[in-house]
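Got chain U sorted already, so can you dock chain B onto it with the hints?
Residue numbers (our numbering), protein chains in the order written: chain U, 1 to 465; chain B, 1 to 350.
If you're looking for bench data, these hints aren't it; they were derived computationally from the structure. Remember, it's a predicted structure, so these values are computed and weren't measured experimentally. Glycine included, C-beta positions come from ideal geometry on N, C-alpha and C. Mixed in with the good hints there might be a few duds.
[To be verified] Below, computed lysine to aspartate or glutamate pairings styled on EDC-like, alpha-carbon distance capped at 16 angstroms:
{"hint": "1", "chain 1": "B", "residue 1": "Lys188", "chain 2": "B", "residue 2": "Glu147"}
{"hint": "2", "chain 1": "U", "residue 1": "Lys131", "chain 2": "U", "residue 2": "Glu105"}
{"hint": "3", "chain 1": "U", "residue 1": "Lys118", "chain 2": "U", "residue 2": "Asp403"}
{"hint": "4", "chain 1": "U", "residue 1": "Lys410", "chain 2": "B", "residue 2": "Glu149"}
{"hint": "5", "chain 1": "B", "residue 1": "Lys213", "chain 2": "U", "residue 2": "Asp417"}
{"hint": "6", "chain 1": "U", "residue 1": "Lys412", "chain 2": "B", "residue 2": "Glu206"}
{"hint": "7", "chain 1": "B", "residue 1": "Lys90", "chain 2": "B", "residue 2": "Glu349"}
{"hint": "8", "chain 1": "B", "residue 1": "Lys304", "chain 2": "U", "residue 2": "Glu313"}
{"hint": "9", "chain 1": "U", "residue 1": "Lys118", "chain 2": "B", "residue 2": "Glu349"}
{"hint": "10", "chain 1": "B", "residue 1": "Lys183", "chain 2": "B", "residue 2": "Glu167"}
{"hint": "11", "chain 1": "U", "residue 1": "Lys297", "chain 2": "U", "residue 2": "Asp271"}
{"hint": "12", "chain 1": "B", "residue 1": "Lys213", "chain 2": "U", "residue 2": "Asp271"}
[Unchecked claim] If you only want the chain B side, here are some residues facing chain U, beta carbon under 7 angstroms, derived:
{"hint": "13", "residue": "Ala199"}
{"hint": "14", "residue": "Ile221"}
{"hint": "15", "residue": "Thr222"}
{"hint": "16", "residue": "Asn306"}
{"hint": "17", "residue": "Pro310"}
{"hint": "18", "residue": "Glu346"}
[To be verified] Take a look, some chain U residues computed to stay more than 12 angstroms from chain B by CB distance:
{"hint": "19", "residue": "Leu111"}
{"hint": "20", "residue": "Glu235"}
{"hint": "21", "residue": "Gly272"}
{"hint": "22", "residue": "Arg299"}
{"hint": "23", "residue": "Arg316"}
{"hint": "24", "residue": "Gly361"}
{"hint": "25", "residue": "Pro375"}
{"hint": "26", "residue": "Val407"}
{"hint": "27", "residue": "Asn462"}
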Amino acid sequence: MTKEEKQRLRKEKKQQKKNKEKKDDNASQESEKEKKSVSSSSSAPQPPTQPATQKGGSSCCSLKNVHDMVQKVTLILIFPVVKRLPEHIQVDNPDVLKKLAKKLERQQIPLRLDYGYKVSLFSHLHQYSRKAPLTQQLSIPSSVIHPAIVRLGLQYSQGIVAGSNARSVALLHAFKQVIRDYTTPPNEELSRDLVNKLKPYISFLNQCRPLSASMGNAIKYIKKEISNIPSQCKEEEAKGKLLNCIECYINEKIILAAKAIAKYAIEKISDGDVILVYGCSSLVNHILCEAFEKNRKFRVIVVDSRPRLEGREALRRLVQRGISCTYVLISAVSYILPEVSKVFLGAHALLANGYVMSRVGTSQIALVAKAFNVPVLVCCETYKFCERVQTDSFVSNELDDPDDLIVTRKGKTQLEDWQQVPLLGLLNLVYDVTPPDFVDLVITDLGMIPCTSVPVVLRVKNVDL
Amino acid sequence: MPGSDKETDLTERIEAFLSDLKRGGSGTGPLRGSAETARETTALLRRITAQARWSSAGDLMEIIRKEGRRMTAAQPSETTVGNMIRRVLKIIREEYARSRGSSEETDQQESLHKLLTSGGLSEENFRQHFAALKANVIEAINELLTELEGTTDNIAMQALEHIHSNEVIMTIGRSRTVEAFLKDAARKRKFHVIVAECAPFCQGHEMATSLSKAGIETTVITDAAIFAVMSRVNKVIIGTQTVLANGGLRAVNGTHTLALAAKHHSTPLIVCAPMFKLSPQVRREYTINNSNNHFVSSGEILSKVNVHCPVFDYVPPELITLFISNIGGHAPSYIYRLMSELYHPEDHEL
Numbered sequence: 001m002t003k004e005e006k007q008r009l010r011k012e013k014k015q016q017k018k019n020k021e022k023k024d025d026n027a028s029q030e031s032e033k034e035k036k037s038v039s040s041s042s043s044a045p046q047p048p049t050q051p052a053t054q055k056g057g058s059s060c061c062s063l064k065n066v067h068d069m070v071q072k073v074t075l076i077l078i079f080p081v082v083k084r085l086p087e088h089i090q091v092d093n094p095d096v097l098k099k100l101a102k103k104l105e106r107q108q109i110p111l112r113l114d115y116g117y118k119v120s121l122f123s124h125l126h127q128y129s130r131k132a133p134l135t136q137q138l139s140i141p142s143s144v145i146h147p148a149i150v151r152l153g154l155q156y157s158q159g160i161v162a163g164s165n166a167r168s169v170a171l172l173h174a175f176k177q178v179i180r181d182y183t184t185p186p187n188e189e190l191s192r193d194l195v196n197k198l199k200p201y202i203s204f205l206n207q208c209r210p211l212s213a214s215m216g217n218a219i220k221y222i223k224k225e226i227s228n229i230p231s232q233c234k235e236e237e238a239k240g241k242l243l244n245c246i247e248c249y250i251n252e253k254i255i256l257a258a259k260a261i262a263k264y265a266i267e268k269i270s271d272g273d274v275i276l277v278y279g280c281s282s283l284v285n286h287i288l289c290e291a292f293e294k295n296r297k298f299r300v301i302v303v304d305s306r307p308r309l310e311g312r313e314a315l316r317r318l319v320q321r322g323i324s325c326t327y328v329l330i331s332a333v334s335y336i337l338p339e340v341s342k343v344f345l346g347a348h349a350l351l352a353n354g355y356v357m358s359r360v361g362t363s364q365i366a367l368v369a370k371a372f373n374v375p376v377l378v379c380c381e382t383y384k385f386c387e388r389v390q391t392d393s394f395v396s397n398e399l400d401d402p403d404d405l406i407v408t409r410k411g412k413t414q415l416e417d418w419q420q421v422p423l424l425g426l427l428n429l430v431y432d433v434t435p436p437d438f439v440d441l442v443i444t445d446l447g448m449i450p451c452t453s454v455p456v457v458l459r460v461k462n463v464d465l
Numbered sequence: 001m002p003g004s005d006k007e008t009d010l011t012e013r014i015e016a017f018l019s020d021l022k023r024g025g026s027g028t029g030p031l032r033g034s035a036e037t038a039r040e041t042t043a044l045l046r047r048i049t050a051q052a053r054w055s056s057a058g059d060l061m062e063i064i065r066k067e068g069r070r071m072t073a074a075q076p077s078e079t080t081v082g083n084m085i086r087r088v089l090k091i092i093r094e095e096y097a098r099s100r101g102s103s104e105e106t107d108q109q110e111s112l113h114k115l116l117t118s119g120g121l122s123e124e125n126f127r128q129h130f131a132a133l134k135a136n137v138i139e140a141i142n143e144l145l146t147e148l149e150g151t152t153d154n155i156a157m158q159a160l161e162h163i164h165s166n167e168v169i170m171t172i173g174r175s176r177t178v179e180a181f182l183k184d185a186a187r188k189r190k191f192h193v194i195v196a197e198c199a200p201f202c203q204g205h206e207m208a209t210s211l212s213k214a215g216i217e218t219t220v221i222t223d224a225a226i227f228a229v230m231s232r233v234n235k236v237i238i239g240t241q242t243v244l245a246n247g248g249l250r251a252v253n254g255t256h257t258l259a260l261a262a263k264h265h266s267t268p269l270i271v272c273a274p275m276f277k278l279s280p281q282v283r284r285e286y287t288i289n290n291s292n293n294h295f296v297s298s299g300e301i302l303s304k305v306n307v308h309c310p311v312f313d314y315v316p317p318e319l320i321t322l323f324i325s326n327i328g329g330h331a332p333s334y335i336y337r338l339m340s341e342l343y344h345p346e347d348h349e350l
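Excised from the complex, chain U in its bound form (with noise of 0.2 angstroms):
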């Protein structure tokens, strides 16, 4: 019970905090305008109110009164959401650090500590070792955390389970698991314990591995429908609810968001094609599958880039329905590209500006295809829309394990004590964005949109929500 207590009294602080910092934003805004308006009328009389002291709210006018609403109001409708930063692009800054540090150990989670020199133009961003997962600083069995999301969050840090459709699979079906082996405390509600208990699920994943867009817009989703769930449902009938609720998103989202994506895109691909795909996209797979099946005559170049090489991974899915395939590397893609009649890529995310974010290499396979005047087709399923906007792969990125880039060629290991040597850095960049001129054609399961009908998008579904 003093647990519950000390949650709300911490919540009202917060809330008491955000109405004074309301107030003084307020009240600064005010004085800026009165100054404004005071310097601007500089021979016209005095108004009556003085640009005075305005914290503590005395205001002798009633004129004042109403110009304070209108403010608080005209607030509200251009601000409707308090956003705040990610701290995961703020490792640069102690204090968001230690607040970090501190809602994990609330939450009984390991901190997860950074690894190797870090490129300066990086150093907002965290950089994990793949050889030091999380789990090993958890006890076993850990009480605090579910075992489905332990397993899980190995899972993502060492890579096994990678790839934004198959990550948020992975998360539901982690979910379900949660949801059907919880029980509800007495004298709880399950809507709101259900959701403080995915709190800390939420942190350790995200310490793993940084949740992805997709993610996000999956647990939105499910924390939406759990605070949905009327207080006077019975346990079991909740449960049930959300397991449906889950079942349906992945089916909705994912599975028949891919049917009819590959039904649109079939339309672009013709006979006689040559179809250059980069990395491994479950959905552009999935997409020349059935192509392939329809009795479409295409051949695919494969391109594929280190350290990751999922190429490979594509190629072998291909070569195995019997797809005739070509496999280059990233840097001989200017090679090949004369002889490539469309480009197909994947997205990690689609940002409201009109910017995709995908793997790494993506926005130079764009540009090269554009300079020599190749079709880009991007495939994306709506629930990877995001509203954030980014215009460079810098300001919000994933940094991955440096020592990935080590290689040994010709018996020689060149970078092996990368580490000792003091000036040098080795950057493995995850993501990053290609700006929408590049991109020819959007394919969602909404249909065919061009890259700057995003934001549309977007707001029709909050609208549908």
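For chain B alone, kept in the frame of chain U given last:
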């Protein structure tokens, strides 16, 4: 007999050089830099001039041409060999013309005026015998060798004109010229270098370790991240295998992508190339297919898949901002002029 000894010695050396060239290209022998190849070729040509039997300039040119054809056939991708041969042929022509007493300018360009007024082919037989020709040619080749030895230093000396402090410079793969260039600038200025590793051979790693040991802050990135980091790069400085006559490049694969990314961000692309890399050849494709693979190892699908591994990229001259050579900086549009000064048009085809 001393004469035949010399000859057999000479042929032995030529054969040894040819087999070295062949091995160097297939990747089994030691990888030698172009400067080394150029010096060895020139030294060999000097030896041929000194030891082979010839009576007139025409004979000498024939001998050199013959050997030259064999050398270029041994390793077609190593263009410095052909370039040096053409330089020496031009030296012979010049020395011959000087010995004959005719001034140099008249023999220079084919011009419409000359074609009309001379009325017929300017038939230069090169048949006249001059006693001092041998000594003159050998002296000129010695000058060429001195020039070759100083190329990297000459280029490195220009580094401070082009690099200022706190810059971020990007490069790809491994080029000894660029390495010397950057190390020379690092003695006086602090800047940051990003090296693209250039898979599959990953020569960028060697470059990065060498630069970081010289006190330059270096970062190694994968080829896939070139466009992603390009927005923070101030200059791109690369080396090349060959400079083509139109101002384009034949450089290590991945350079075209780098050049396109630099063009998109309006980042200047600077090529450090000594003059002996300038070649009158047209672009040609060079692919190797690695079967002993650090490249594709999963055996069962390998038979059903085509694997391409091009060694060089063609970079068109529109993407290049500046060439830095041992005789200074040039725009790509000026390269054709430099080429006409280095080689005689009749030597373009050996």
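Okay, which hints does this one fail, numbers in order?
1, 2, 4, 9, 12, 18, 22, 23, 24 and 26
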